[in-house]
Amino acid sequence: MFKKLINNLKKRNLKDNNFEYLFEEPAKDEYVCLDCETTGLNPKKDEILSIGAVIIKKNKILMRQTLNIFVKPSRNINSESIKIHQIRPVDLQNAVEPKDAIFELLKFIGNRPIVGYYIKFDIAIISKYTKEYIGVSLPNHQIEVSSIYFKTKKRSSEYEFVDLKFDTIMKELEIPELGKHDALNDAIMTSMIFLKLKDKAPANSTFYTG
Amino acid sequence: MSLRDQKSFLSKIHPFELLSNEQMDLCIRHMDIAYYPKNEILITPEKIPNHFFVIIKGIVHEYKEEEILMDYHQQDSFDSNSLIYGKSKNSFKVYEDLICYEIEKDIFLELIEQNEGFKNFFLNNLVNKLQTLKDKEYKSDLSSFMIAKVSDTILRKPCIVETGTKLIDAIDKSMKYSTSTIIVKKDNEYGIITDSLLKVKVLLEGRDLSIPVESIAIFPLLSINKEDYLFDALTLLIKKSIKRIGVINTKGELLGILEQIDILSHFANHTYVVDTKIKNANNLEDLKDASNELISTIKTLNAKGVKVNHISSLIGQLNIKIYRKVYRLILPKELQKDACFIVMGSEGRNEQIIKTDQDNALVVKDGIDVEQYRPYMEKLTETLIDFGYPPCPGNIMVSNPFWCKTVQDYKNETAKWIEAPAMQNYMDLAIFFDSFSVAGDKELLINLKEDLFNKLHDKDVFMAYFAKATLTFDTPSTVANFMTKTYYLDIKKGGIFPIVQGIRSLALRERIRETTTVKRIKILEQKKAIEPQMANELLEAFDVLNTLRLKAHLQKLQDGKKLNNEIDTHTLGKIERDLLKDSFKIVSNFKKFIIYTFRIDKIL
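In order, the protein sequences belong to chains A and B. Under my numbering, the first residue of the first sequence is numbered 1, with each subsequent residue one higher. Under my numbering, the first residue of the second sequence is numbered 1001, with each subsequent residue one higher.
Excised from the complex, chain A in its bound form (with noise of 0.2 Å):
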């Protein structure tokens, strides 16, 4: 309840009524997985780089319709995080303007949950730019894959400690390593954690709330 207030709250802030869609109700068992890769860790100052973002449906993922796109960032890029997303500036030729890319991804994600790994900053940059196009952060349900992970982990106490590095729960759950680490990838990889985890623990609640 107290969610749809907030949500009806956050509508009437919508600068563009061609994005009203992202508020009606999801239809059941789809969901999106996306991940980015930014120019740095801080929302507030950085910008992103590329956008990679799948839809799951029941128990697949649908590499059918599958999204990726890098965008044209404002300033060049640092070498030293070329070092760690691995996109050089030569990457970024067929990089569309923000805010095309931006419009595209929300017509891809519509207003499915959105499936992630430590997603809350995925959404949080995303909604930087949200902000600034159409007026309100992105409203989409979010589920947090290490979380799912972390309650369906078998503990000891209440305060064993669960490792939730990334790599580590792939190699616990048994997923494959496919290919590099790009977003796209990462957007399958994490939602392969979920389709093995999703019937495991209710999966609808955020693990870290920072």
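To be clear, the hints were calculated from the coordinates, so they are not data collected in a lab. Some hints here could point you the wrong way.
To be verified - Here are the simulated lysine to aspartate or glutamate pairs, EDC-like style, with alpha carbons at most 16 Å apart:
(1) Lys1057/B with Glu177/A
(2) Lys60/A with Asp1097/B
(3) Lys1337/B with Glu1443/B
(4) Lys60/A with Glu1443/B
(5) Lys1038/B with Asp199/A
Assemble the complex: chain A is given as a structure, and chain B must be docked to it using the hints.
Frame of chain A; chain B shown alone:
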């Protein structure tokens, strides 16, 4: 994974690499990744899915009623039959959490229509499928084609002369070495004078034969290390358009000259060399040397990619020559003609490549005193053991009086076997039926076999028991579980023996004198005792199983391990695994055929 990664993943899976770029793109545009937990049922006769599965990770079992028929692993795909024929007799169930690609049915069928190779793979019967896989195996395994080292060839001793030597003296020396190549040594460097060089630089230019060698020699002589692969040597020759190179050791010393013809004939002629050695051996010591070369011959032929069936017949021929020579060297001449030295069991069938044991016997003409043969037979067995033919654990050797007697005594023995059979008798009969004469009077053996055929006429119940041995061991339906550390299969019990025994039973009933399983299969097909398709499938499966066994044997020899018939399925590549699985499927079907043909269910 991004589209590019999917493409590279798929193109590693046979037969997807046959797809063109556009076809691959089409395929990728129409597939999803799906996840199914353990025990999920994917296909049943009632529920045919709308897509084709390719496993990214996990295991799926195919069931017929309760029986597991096949297991599918990473990179395996299924089930084309459901899609092509719209129905499935079997069920597919997830055995270990499955992540897989699902290719849309329509697209899968479209690809089959568009791509001949793709179509052949999915539509063909097992034989063609086995053939396709094997062709691929040989193609992808080119490196094994020539793993022979330069040092494995017979090197020509070089004719080396110092600088300053008169050309005429050098030519004279080369004649003594019977070579057309003169090597000129200048300090630490070598140069070469060939016949064609003499023609061009001396004859055509009208030079005198008293000039020093270095004035026409070509420096430096190209050379290759003796530890290099023969393949590299050949490549170098072709690349430089030359016919010969020097072979050096790690210190840079010239060991010999390698000619193009040596390389080419190395592969073809190795057996020839052994053959000549056997022929020239005048005493047991020389013969032993020749027999010791057999292993390296086997390795060479195997590395060259020669079909195992051909290797075994080649090795069989050489073995027979060794046996014959041993017989002639040990037995006094007057005794030789009144007896027949026979090899039996796998040796009789010519199917023992790496020696694992010996089964042999002597048949003596009626009316001849057997006792005078005994001391020679003991010596014969001793000699063969010394040659590296391991003794037979069942003591089926000429030194055993039971396996050294007259024709009539053998006839009495086989009559006993048939009238009052026990398990040991079935085994003895099986071994004896595979006998092959290697030396002496072969009419004696022909006579014995004729007698055997006549005795077995109309003995249906006996034949049913004889054939029942085909079912002695289980044939695995699954090949490997990747979750376990190792997975050993006895490939002889599970695959080779059932084919040998089943075919042997049919051959005995059909009075076939040929002893090798392969020839028996072909004759059975001619006699319409088995269908052509079954014959082809058995030939292929037999070849696959023997090849895998030979490979494991060679590996064990190299590791200095004891030989057995186990193979570790974890060491098999994807294609070998597929070949093995399909072969076991053929063996299982064949067992059913044997049960039906010999009415074994009536005696069970």
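Here is how each hint holds up against the structure:
Proposed proximity of Lys1057/B and Glu177/A is supported: the alpha carbons are some 10 Å apart, at most 16 Å. Note on Lys60/A and Asp1097/B: the hinted pairing holds, with a Cα-Cα distance of about 14 Å set against a maximum of 16 Å. A hinted pair counts as satisfied when its Cα atoms are at most 16 Å apart, and Lys1337/B with Glu1443/B qualifies at roughly 11 Å. Between the alpha carbons of Lys60/A and Glu1443/B the distance comes to roughly 72 Å, so the proposed pair goes past 16 Å and is violated.
Distance restraint check for Lys1038/B and Asp199/A: the Cα-Cα separation of roughly 13 Å lies within the 16 Å cut-off, and the hinted pair is therefore satisfied.
Of the hints listed earlier, the one the structure fails to meet is number 4.
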